[in-house]
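Note that the protein sequences, when read in sequence, are chains A and B. Residue numbering for the first sequence follows the working numbering, starting at 1 and increasing by one per position. Residue numbering for the second sequence follows the working numbering, starting at 1 and increasing by one per position.
Source of the hints: derived by calculation from the structure; they are not laboratory data. Heads up, the beta-carbon is just placed ideally off N, CA and C, and yes, glycines get one too. Do not rely on the hints blindly, as some may be mistaken.
With the Cβ distance kept under 7 Å, some of the chain B side facing chain A (calculated, not the full set) [claimed, not checked]: (1) L3; (2) S4; (3) T5; (4) R212; (5) M217; (6) T220; (7) G224; (8) T226; (9) E229; (10) T230; (11) I231; (12) G256; (13) V257; (14) L482.
These stretches of chain A come out as covered by chain B in the derived footprint (C-beta under 8 Å, 3 or more residues) [as the list claims (entries may be wrong)]: (15) 183-196; (16) 202-212; (17) 291-298; (18) 308-322; (19) 385-391.
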Amino acid sequence: MSLYGMMRTSVSGMNAQANRLSTVADNIANSSTAGYKRARTDFSTMVIPSTSGSYTSGSVNTTIRYAISQQGSLQSTTSATDLAVNGNGMFVVQSSSGTPYLTRAGAFVPDAQGRLVNAAGYYLMGYSFESGPPAAVANGFEGLEAIRIRQDSLTSDPTTSGELTANLNSNATAVTGANPSGNTAGAQFTSKTSLVVYDNLGGEVLLDVYFTKTGANTWDVSVFNKADAATGSTPFPYSPGTPAAALHNSTMTFNPATGELTSAGQLTMTIPNGSAFSLDVSKVSQLAEDFMIFDASANGSPPAGIESIIIGQDGTLSAQYTNGAVKELYRIPLATARSPDMLRVLPGNVFSQSNESGDVRIGFPGESDFGKVMSGTLEESNADIAQELTLMIESQRSYTANSKVFQTGSDLMDILVNLKR
Amino acid sequence: MSLSTALNIAQSALLATSRQTSIVSRNVTNASNPDYNRRLSMLQSDAPGVHMVSIQRAADMSLFRANLGAVSSYEGQASLRTAIEAMTQAVNGIDSASSPATAIGDLYEALQFYAANPSNASIAERAIDAARQVVRSLNNGAAAVNAARSQADRNIAESVADLNGLLAEFKTANDAVISATIGGRDASDALDKRDALLKRISEHIPISTITRDNNDMVITTTSGATLFETIPREVSFQAKLVYGATTVGNQVMVDGVPLPVGTGGDTNSAGRIAGYLQIRDQIAPTFQAQLDEIARGLISAFAETDQSGGALPARAGLFTWSGGPGLPAAGTVSPGLAGSISTNAAMDSTVGGNAFVLRDGGANGAAYVANTSGAASYSALLLGYQAKLDEPMAFDGSAGAGVSASVMTYSTNSISWLEGIRKSADQAELAKSALVARTSEALSNATGVNVDQELALLLELEHSYGASARLLKTVDEMLGTLLALAD
Chain A
1 MSLYGMMRTS VSGMNAQANR LSTVADNIAN SSTAGYKRAR TDFSTMVIPS
51 TSGSYTSGSV NTTIRYAISQ QGSLQSTTSA TDLAVNGNGM FVVQSSSGTP
101 YLTRAGAFVP DAQGRLVNAA GYYLMGYSFE SGPPAAVANG FEGLEAIRIR
151 QDSLTSDPTT SGELTANLNS NATAVTGANP SGNTAGAQFT SKTSLVVYDN
201 LGGEVLLDVY FTKTGANTWD VSVFNKADAA TGSTPFPYSP GTPAAALHNS
251 TMTFNPATGE LTSAGQLTMT IPNGSAFSLD VSKVSQLAED FMIFDASANG
301 SPPAGIESII IGQDGTLSAQ YTNGAVKELY RIPLATARSP DMLRVLPGNV
351 FSQSNESGDV RIGFPGESDF GKVMSGTLEE SNADIAQELT LMIESQRSYT
401 ANSKVFQTGS DLMDILVNLK R
Chain B
1 MSLSTALNIA QSALLATSRQ TSIVSRNVTN ASNPDYNRRL SMLQSDAPGV
51 HMVSIQRAAD MSLFRANLGA VSSYEGQASL RTAIEAMTQA VNGIDSASSP
101 ATAIGDLYEA LQFYAANPSN ASIAERAIDA ARQVVRSLNN GAAAVNAARS
151 QADRNIAESV ADLNGLLAEF KTANDAVISA TIGGRDASDA LDKRDALLKR
201 ISEHIPISTI TRDNNDMVIT TTSGATLFET IPREVSFQAK LVYGATTVGN
251 QVMVDGVPLP VGTGGDTNSA GRIAGYLQIR DQIAPTFQAQ LDEIARGLIS
301 AFAETDQSGG ALPARAGLFT WSGGPGLPAA GTVSPGLAGS ISTNAAMDST
351 VGGNAFVLRD GGANGAAYVA NTSGAASYSA LLLGYQAKLD EPMAFDGSAG
401 AGVSASVMTY STNSISWLEG IRKSADQAEL AKSALVARTS EALSNATGVN
451 VDQELALLLE LEHSYGASAR LLKTVDEMLG TLLALAD
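This is chain B alone, in the form it adopts within the complex:
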């Protein structure tokens, strides 16, 4: 019995060693695969002569969770920063060249020049042209803000579609893990796949996970809404094609619960979807309100007043709007004003007006004419307009750029506000990307493949294989000796 047994045991040792070697080779092959966790081969002896190789997978759940959280925060911050930068670029241009503040500054200078030379027709045209520039800047800005919002909306729709697809894939991966766990098979590959999917899901939405019996996993958002439990839950979102100043975007519903949105430039929004929601519902609308307030400030600064002594109401002058010739309500945001502001046709020579009406007044009828004598050197009105651009007025606090400032200061405040958010978003993105790198590195150190270690193990296995083979050979020789005897 003993020689045959020795042969059998040596043979099963060869089998066990070759299986361990195959695990080492799998580890080495996947050394550069970030989603691969190192496999450990554990040898155990269950009964005489039976060697089992069980495969364990290196895993560190707390490091993995920390990494998922860092990825979510970073993705939320990055999407917010990108969107803010794109919007800033579209509205203000490089170095704020096309911003309303620059255009208003130019208008101020043109008015000064016009007041010094009130009879010069070409200088008058230049002032009107500067006014057209201001209108164009505001109109373009309003359009760019709406475009940024609808872009964010489309990005949300894409992200949601992607997320639903990932959750469907997650079901397949999760089922494979459960089935392998129950069947006592090696679940490592299925676990790798499932973890890779979790990483991709956490890019879109911040998640927390619960592991149930048989390695079954439940995913919820960090706010507690269920994303996956046995089956994927629906993440629903209705995109809107066009955004206007008053359009309110739809919420993203996770299993019937709205996804919360973060605040601030160093945002607490985690995941791409929340980042896009924040730009769509908070930053872009606030900036929109600031543009509207600038437009309202301009319309009221250039308003014409009754010069005839009657009690006629003030009317829109150089700048008018879709609701003109009346003035927009004072002290409060009129949504969409920046998009509808225009130069007064009575003063704009391109549509048949006369640039001298700005000097004389009277765009709204004879009662509003200030230069009643028709003197070519009249400049009091122009100097008045210029002074009003410098005069503090009341702005709506909800727009977030101050409550009392001159139009010119308010417009520069608006640039500073946006720049401030952009800067803090930029800095926070750096910090968060460093955190992602750190957590990924820690995770990789704990669960990744170390090729040196694997090769050292391979040497050991080689020796053990050699020893087993040597054993086989010796037993064979012993049997040979015996057979020679029987001859």
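Just chain A, with the same shape it has in the complex:
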């Protein structure tokens, strides 16, 4: 029994080493696969009860484990949609049939429908900004959808607020005749500036802002739509020719001691075919210096298509439009499990929840231990050829030793059989 047992034990040893060589082969084959996690062969003993007089050899058990939680080195690339995680989290992807998986393989490219698909054909998932900034569902895949960047749509934002900072010349002579607030032909003004704002459809509206000194420390401010201006040498009267043509009319008063504005600091008006617009003039001063503009800005943007995709370290995927506007589209979550190394490994560098791994947790990059999303970077395989080669040599020697044990057993059997002539 014991000779046979010894031979069987060495066979199990050879099998175990063959298993280890298989994982080495896998690791070397995938040493350049982005997001690949090396397989490790762990052994355990199997002992057969024996008495003091007779020893029965057992065998060796093989367990394959994956170094999923071990970080691979990061390699920079030139594509913004190449993603890597620097931390413990994993991307949530779904197969074409819609089953969600986790992966570290982040070589995503947009497909024909604008979905981001990786080399193994899995689609990246995220939370949409459609109904406000998203919140992650901690323990499930609800609310996640395949990220889809629609290249065929335009977007625009109407202007709602703006700022104008200027100095009005306190030494200017007051206008005694008609001023722009009356909107009559030949109206006189002291200073003028203009500002581009956007209506509801993203059309450019040019606002003419007139400042007219009417008395000491008192100025009249009128805002008109440039498109209504009369043709000819003077823009007045703006159509439709009544004082109602002015979008805004008010009086600004200044503190004679400091030159600071004492009247209301917001000029409110409604942009033609646009939304309510509030122009902040609270920093306008009146000092003995020429008319000067320090800041003139308004929010809003004209219609534009997507020019490029920007992915921040916090996982926010934003579209940059041709007009320069940036809009947040999705937030990419990261997931991990209680025991990431025990996740089930499936083809295509994906992992799924198993009984041993515990529940999957989902959160945003930067939170707890999920790590950061790195755009323009790929995670290299964490298998190292040098390590695999040394393992291979070790396995080879082990295998040979096992085969020697088997051969010895076989030789002894031979002797035993030859006892009877």
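Please build the complex by placing chain B on the supplied structure of chain A, with the hints as guidance.
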């Protein structure tokens, strides 16, 4: 894991070094490009094994603004000086040879000679000829002044068209800067282009700039009118084809606000457009008024008075004008007089007159004849005219060449006035061009490429590349050793 990682890191180091080298080569290539700002390559390590090369562009906004201001002042001064010189040349000729003052001096001498020989017909003709010369000088001067104004007007129209084109180009450049800034791409080339456009815009008009979010730029004139904000504003100007003495040129409107004009020979006009506006609306019209005053002085100096004892009004004598035979209103400028002054047909033999009428009087009828006896030796009237040329008379102060002087002195005053402006314009141009050179040099020192520095950096990069390559080779050898073991 460690050997592969070492390989990866060495490889990314090679990539980073080669990108830095490409930036050095860009700098060296553009070493002589005045619109190029030096790029600095900044190496940063974001995560294990990842090296990022970020590009920064050397910039000094305050020096750049100072340079823009200097360029505007210089261009305004240069355009003014060129126009004044051209006008002086056209009106006064070289060394004032064809100026009214020289012609009046000649006339004075011819009169003296005529008074000494009142019966000599050819000497009489010479006096009339000198008078024709004076008329020609004034007529040509008036025409030259109008030509200078219409030339300035055409130059303004060209400058405005150029400026509108530059502003349209600026929109493209500005959009490129914004888009690159938001996209996190290298905006340096777009910024270079935008700065070059700003320099060209400041040649036409003095500007100040405001930078908003995302590197978006707003341009206003130094007087506060908006030139560019998201979109270019319209700079409008209606050119006039022909200029007469009373023509008033149109203003240049920037976004509906008229562009202010400077004053003086060492002008405070900045930018070409303001320089041309100043010559068109201030210097040329003032000089025009002086020519008109000289013409008025001559007409009144040679006026014929009633000799019959009646109270007939004084009439135009040797010199008459389009409003003759009456005299132009005393003490005030009659616009266009220098252009319409002419010799009296009654005395000008080329149009059938008689040169002796100047000696005897009577171009305006018998009542104005002074030499009633018809004596061939009569010279009292001629001596009277000559004395009047020396006699102080009242001139309009608004013409800027004095209020009381003789016609001869006034005409030389006028030359001095123009020469004074030309000289101060010339000196100011020198000073302003020196300022442009200084600010450009300071800007170039701060932002330009220093080839020595770049080459020193290149040496460093070469070493670092060599070290990375050496690392690759060593790791390769180590793996080779391992593979040999597995054989």
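For each hint, the structure was consulted:
The interface hint given for L3(B) holds, since its Cβ lies 4 Å from the closest Cβ of chain A, which is under the 7 Å cut-off. A least Cβ separation of about 5 Å between S4(B) and chain A falls short of the 7 Å threshold, and the interface hint therefore holds. For T5(B), the shortest C-beta to C-beta distance to chain A is roughly 5 Å, which falls under 7 Å, so the interface hint holds. This hint holds: R212(B) has a C-beta 5 Å from the nearest C-beta of chain A, less than the 7 Å allowed.
At a threshold of 7 Å, the smallest CB-CB gap from M217(B) to chain A is about 11 Å, leaving the interface hint violated. At a threshold of 7 Å, the smallest CB-CB gap from T220(B) to chain A is about 5 Å, leaving the interface hint in force. Hint status for G224(B) relative to chain A: holds, with the closest Cβ pair at about 4 Å, below 7 Å. A least Cβ separation of about 5 Å between T226(B) and chain A falls short of the 7 Å threshold, and the interface hint therefore holds.
Taking 7 Å as the C-beta cut-off, the interface hint given for E229(B) holds, the closest approach to chain A being about 6 Å. Against a cut-off of 7 Å between C-beta atoms, the interface hint on T230(B) holds, since the closest Cβ of chain A lies about 4 Å away. The interface hint given for I231(B) holds, since its Cβ lies 6 Å from the closest Cβ of chain A, which is under the 7 Å cut-off. Interface restraint check: G256(B) against chain A, minimum CB-CB distance 6 Å, threshold 7 Å, status holds.
Residue-level restraint check for V257(B) holds (minimum Cβ-Cβ distance to chain A is 5 Å; threshold 7 Å). For L482(B), the shortest C-beta to C-beta distance to chain A is roughly 5 Å, which falls under 7 Å, so the interface hint holds. Only residues whose beta carbon comes within less than 8 Å of a beta carbon in chain B count, and the stretch 183-196 of chain A has 6; three or more means the coverage holds. Counting residues of the stretch 202-212 of chain A whose C-beta lies closer than 8 Å to any C-beta of chain B gives 3; at least three are required, and the coverage claim holds.
Counting residues of the stretch 291-298 of chain A whose CB falls under 8 Å from any CB of chain B gives 7; the rule of at least 3 is met. Using a Cβ-Cβ cut-off of 8 Å, 4 residues of the stretch 308-322 of chain A lie near chain B, which meets the minimum of three, so the contact claim holds. Counting residues of the stretch 385-391 of chain A whose CB falls under 8 Å from any CB of chain B gives 5; the rule of at least 3 is met.
Violated hint for the displayed structure: number 5, the only one.
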